[in-house]
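K.L.:
One-letter residues, chain by chain:
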Amino acid sequence: MLRPGHGVALLTLALLIFGVVMVNSAGLLVGASVPNVTYDSVFLGAPMQHAMLAVAAMALGTMIPLRRFEAARGWRSPAPWLLLGSVLLLLLVWAPIGITMNASSRWLEVGGVRFQASEFAKWTLPFFLAWFLTRPAIKVERPIRGLLPSILVIGLVTGLIAIEDFGTAFLVGCVSLVLLLGAGARLWHLLTLAPLALVALVVGIIAEPYRVTRLMTYLDPWADPEGDGWHIIESMRAISGGGVMGRGLGAGEQKFDLTSDTTDFIFSIICEELGMVGAALVIAAFIGLMLCGLAIICDRREGGDGREHRSEPFVRLLGLGVILTIGLQAFFNILVTTALVPTKGIALPLISRGGTGWILTAFCLGLVIAIERGRTRARACSTEPTPSDSLSRSPVATTGEPVEAMSL
Amino acid sequence: MTFENRNQSIINSTARWGRLSVGLIAIGIAATLFKVAWLKVDPPVQLGDRSGAEQRVNYEPRFRGEITDRNGRTLAIDSPCWRLALDPSYFCSHGYRKMVGEEAGEIGARPDLDLVIDQKLTLLAGPLGLAQEQLRVHKLRTITAKLDDLIGIPKRELTRRLIDAPATKQYVVLEKLLKEWQVDAIRSWLDGRNIGLLLEKRTERRYYGPESLQMIVGKCRDNGVGGSGIEQRREENLQSVRGELKTRRTSRGTVISIPMGSYERGRHGTDFTLTIDAQIQLMAEEALRAQIEVQNAGGGRCVVIDPSNGDILAMVDILNRRPDVEEVILDDPMRRVEPKLGRDRNMIDAFEPGSTFKPFIWSGALEAGVGTRHSVDLKRINVEAVRIKGRRTTVKDAGINAYRGPIKKIDTILIKSLNTGMAEMVRKLSNQEMRSIVKRFGFGSRTNCGLAGAAEHPGQITSLENWSFANTTISVSFGHEVAVTTLQMVRAFSAFCCEGMMPQLRISGHSDVANKGGIDLGPHLLKTRALNPEIARRTKNALRQVVLRGTLKNYGRSDRYSMFGKSGTADLPNPKGGYFKDRYTSNVIAGAPFQDPRIVVYCVIDDPKKNHYGGQVAGPVVKQVVDAALMHLGVKPDLVVEGAEHRASLGTLPLHPGGE
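Top to bottom, those sequences are chains X and R. My numbering applies: residue 1 is where the first sequence begins, and numbers increase by one. My numbering applies: residue 409 is where the second sequence begins, and numbers increase by one.
Think of the hints as simulated: they come from the structure by calculation, not from any bench. Every residue gets a Cβ at the ideal spot worked out from N, C-alpha and C, and that includes glycine. There may be inaccurate statements among the hints.
As the list claims (entries may be wrong) - Cβ pair distances, simulated, as ranges:
{"#": "1", "chain 1": "X", "residue 1": "V244", "chain 2": "R", "residue 2": "G560", "range": "56 to 64 Å"}
{"#": "2", "chain 1": "R", "residue 1": "D557", "chain 2": "X", "residue 2": "I17", "range": "19 to 27 Å"}
{"#": "3", "chain 1": "X", "residue 1": "I17", "chain 2": "R", "residue 2": "G651", "range": "44 to 52 Å"}
{"#": "4", "chain 1": "X", "residue 1": "E109", "chain 2": "R", "residue 2": "E565", "range": "18 to 26 Å"}
{"#": "5", "chain 1": "X", "residue 1": "L281", "chain 2": "R", "residue 2": "Q454", "range": "24 to 32 Å"}
{"#": "6", "chain 1": "R", "residue 1": "R564", "chain 2": "X", "residue 2": "R114", "range": "31 to 39 Å"}
{"#": "7", "chain 1": "R", "residue 1": "S487", "chain 2": "X", "residue 2": "A207", "range": "55 to 63 Å"}
{"#": "8", "chain 1": "X", "residue 1": "V244", "chain 2": "R", "residue 2": "R427", "range": "31 to 39 Å"}
{"#": "9", "chain 1": "R", "residue 1": "A553", "chain 2": "X", "residue 2": "L215", "range": "32 to 40 Å"}
{"#": "10", "chain 1": "R", "residue 1": "Q454", "chain 2": "X", "residue 2": "R142", "range": "51 to 59 Å"}
{"#": "11", "chain 1": "R", "residue 1": "K506", "chain 2": "X", "residue 2": "V42", "range": "36 to 44 Å"}
{"#": "12", "chain 1": "R", "residue 1": "A553", "chain 2": "X", "residue 2": "A207", "range": "31 to 39 Å"}
{"#": "13", "chain 1": "X", "residue 1": "E226", "chain 2": "R", "residue 2": "G560", "range": "24 to 32 Å"}
{"#": "14", "chain 1": "X", "residue 1": "L193", "chain 2": "R", "residue 2": "P452", "range": "37 to 45 Å"}
Please take these sequences and the hints and turn them into a complete structure.
P.N.:
In structure tokens form, the structure reads like this:
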């Protein structure tokens, strides 16, 4: 029987393959002495290699014994270390290994691999929060003992991200907020902090003139159609072309004018080349992915082991963090490309070109699958006649023996 | 709360907030599909139905046909040139930033920080509008100052033009024609940057040759279409078809594809040759201009043709507006605006020729039997003023020293230009006969020389119904009551040069594309008989005597070439009616050399103030032109003037029978 985990895996695979195709299509150049899109580039090129790595990462993610992390206490848990590492990476963008591109210092290059530091923080913060908020000592419903430390951590990380990447910071902030609520934080406690958040938002916008410009451009893109309004106008132009069925794969014409066509504005190219149908399918895939993830999070069936309930809050919060991050990111990206919000550099998950993004996203989706896999395995174990001590020798709870092969 | 209960609470809360948040995101993300649909179905007006690539056309300049004179001298030619234009809209929005930013960067300074701040401020003060306009003016002043420094275009006028242009205007021509060094300077300054300054490859029509040729060659408009003169008349031949390459491009100009068959090769215009000889034109112009000045005349015309084939070798028309004289000669305001747009009076304006018309009537009368079938009473001639019944004025011989000698031969009437003699000669002719003589020489019909078309004046001859002996026949016999053009006169005079045959005049010939792309300048056979050869020869001999013994002997007689011709002095018509008593049209027509006429020269000088006798006023011009033109054409002088050496050099060149 097809389970939600299968749905997550299949949809992730579908989106990755679609991403490879669309990145190649959008990256098509004309007039080059050597064609840049060939069979080789499609099947053996960097996007395909990244997709393969992403599939491997997802497979790896499914094998992570998540319930162990809850059992780990204090500094023995990887969660604080991962967050600390992310914070360090965020600080390293200003170190010599940091790379400035498009007047923004977001990138790091290590061993020839270039990635955005915020990309790690985007995933490690929900992981940390899921772990932190389910600690017995943390009472998130209490402002001082639980909420304040969480807010401080969130503020620190989003603040560091926001210096160079306001969009990702906003995304991470939104996801963290839902995780706090999911962990039991009072809504009115958070609402009292809303003015502070609003002030931070306004200060963050005013601090950088280009953000003001983007806001003005959003309000009237036609004021400077050749300059600041260029991206959004070209994006709208791409979307408006192609009709219902699109111009055809690779036949898009606006991509030659639209910069970031393989990354942030790939959805516009999808709309142009594959039309309304293509856009609807992509949106349906993301909704499907979120619903499958939600089904895993909200699964109330009892596991075979009473002790499994102890790790459930952590994995559920983690799963929620992952699907919210992906869903919100896709939502923001589509809002930007359709000119419904000011332009922000947010990629379309699993489709926009970017090896690090694909691999980390697929890995995190693998973690979501791992949640379901863990439960299934536990149920399977509970239905089998086991020796009386088998309960204490549960592979997840105690030994962490290798789990069965991933069943995708 | 126990640990288990807390966990259960978190699980419930997670599920609740998970469903809510995922649900909201799912709804939101699905709702964006409506925006996608809206953009596809009803895109914003500003997008202008433009999505994807656009078809653009690149034009390949092609040259309009070259116009040359009969010897291949260039009179009008297209040459490649560069035009400098500015897209003020793009420059103000982007170009200025690039220009100032990069130039400030070159000297290590920060880019125009004040301006950046200004831009922010004006953005906030947008509704005021004034600040933005001031900023725009500042930017435009910067580029004009730079161009002034760079290529020396005066910045004041340029700035005014740019500021006056509407803010939305995307194309303002800064300089129509750039010199090579200016193009190089701009290119090296721009260094590949796009700041909205456009260097466009164009073709420019350049004109050469004497000033008087401008009216004949005409003008080509800015859009490459002939607007006047030959440029207009021969548009079909001269017109070039520019090449086109249609491409599909992005709005930033990236070529995406070149559809099959989208290249259309252009075609250069066909080169074109005029019958005009630029050198003779120049000589005629100089001689005429000098004489107009000497005589303080209101203008003048001079036409030179080759009587053997009707080729117009020169055609000059000069108007001279005199501040102290009340002009009665029809003005040509367009000529003052643009000489190329002038009205060539040689074809357009008709006038009364006076005595130069006598040879045609004289010869026509002879052919009609006057002197043979109809006797002429020579005793009645040259005695006193002749009264004609029904005519208000008497007919008398003109001139302060009118001939009073014996008249033994009818030729004397022409040689001495006797009005009374002409009146006596035509007395026996019927109105119809008289009119047919005039018509036979082509008066009253256009020459169709290929320049003016329907605008050419056909001349004016009184209709047979209104023709009367007393007024018309008598007046026409000495060149009044008839209006002619200079071209009609030279065409008719050619009959005396060519054994009675009149050629078809032409300023350009039939197309000869197959051979040389121009026209066939060889002799053509379209001729009309005006006289029988014998009469023509007799008239020519009489006209030779005019030069030797008559009115041209003092001023219109060449020392080198044997000329034959006739002078005329017509009263100038008064626009208020009648004729001026003291204002004249002086003219001389002549052919040379006598034995084998190579040219016919006709000069008319309007309203001279110093002298007024035709021979005295126009004779020197004709003489000069005959001498210069025949020398230029390589015709050996047929008169002995420079001693034995020169006589020997003439070889077997025969002198005419009645020669000196």
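K.L.:
Hints first: check each against the structure and report whether it holds.
P.N.:
Hint-by-hint comparison with the structure:
Checked against the hint of 56 to 64 Å, the pair V244 (chain X) and G560 (chain R) passes, with Cβ atoms roughly 59 Å apart. Checked against the hint of 19 to 27 Å, the pair D557 (chain R) and I17 (chain X) fails, with Cβ atoms roughly 59 Å apart. For I17 (chain X) and G651 (chain R), the Cβ-Cβ distance of about 47 Å falls inside the hinted range of 44 to 52 Å, so the restraint holds. For the hinted restraint 18 to 26 Å between E109 (chain X) and E565 (chain R), the CB-CB distance of approximately 55 Å leaves it violated.
Under the hint 24 to 32 Å, the C-beta atoms of L281 (chain X) and Q454 (chain R), about 29 Å apart, fit the expected range. Here the CB-CB span from R564 (chain R) to R114 (chain X) is close to 54 Å, at odds with the stated 31 to 39 Å. Look at S487 (chain R) against A207 (chain X): about 59 Å separates their beta carbons, and that is inside 55 to 63 Å. About 33 Å separates the C-beta atoms of V244 (chain X) and R427 (chain R), a value consistent with the hinted range of 31 to 39 Å.
For A553 (chain R) and L215 (chain X), the Cβ-Cβ distance of about 35 Å falls inside the hinted range of 32 to 40 Å, so the restraint holds. Between Q454 (chain R) and R142 (chain X) the CB atoms are about 53 Å apart, so this pair conforms to the stated range of 51 to 59 Å. For K506 (chain R) paired with V42 (chain X), a C-beta distance near 38 Å keeps the hint of 36 to 44 Å intact. In this structure the hint that A553 (chain R) and A207 (chain X) lie 31 to 39 Å apart at CB holds, the actual value being about 36 Å.
For E226 (chain X) and G560 (chain R), the hinted distance range of 24 to 32 Å is satisfied, since their beta carbons lie about 30 Å from each other. The hinted range of 37 to 45 Å is satisfied by L193 (chain X) and P452 (chain R), whose Cβ atoms lie roughly 38 Å apart.
Hint violations for this structure: numbers 2, 4 and 6, all remaining hints satisfied.
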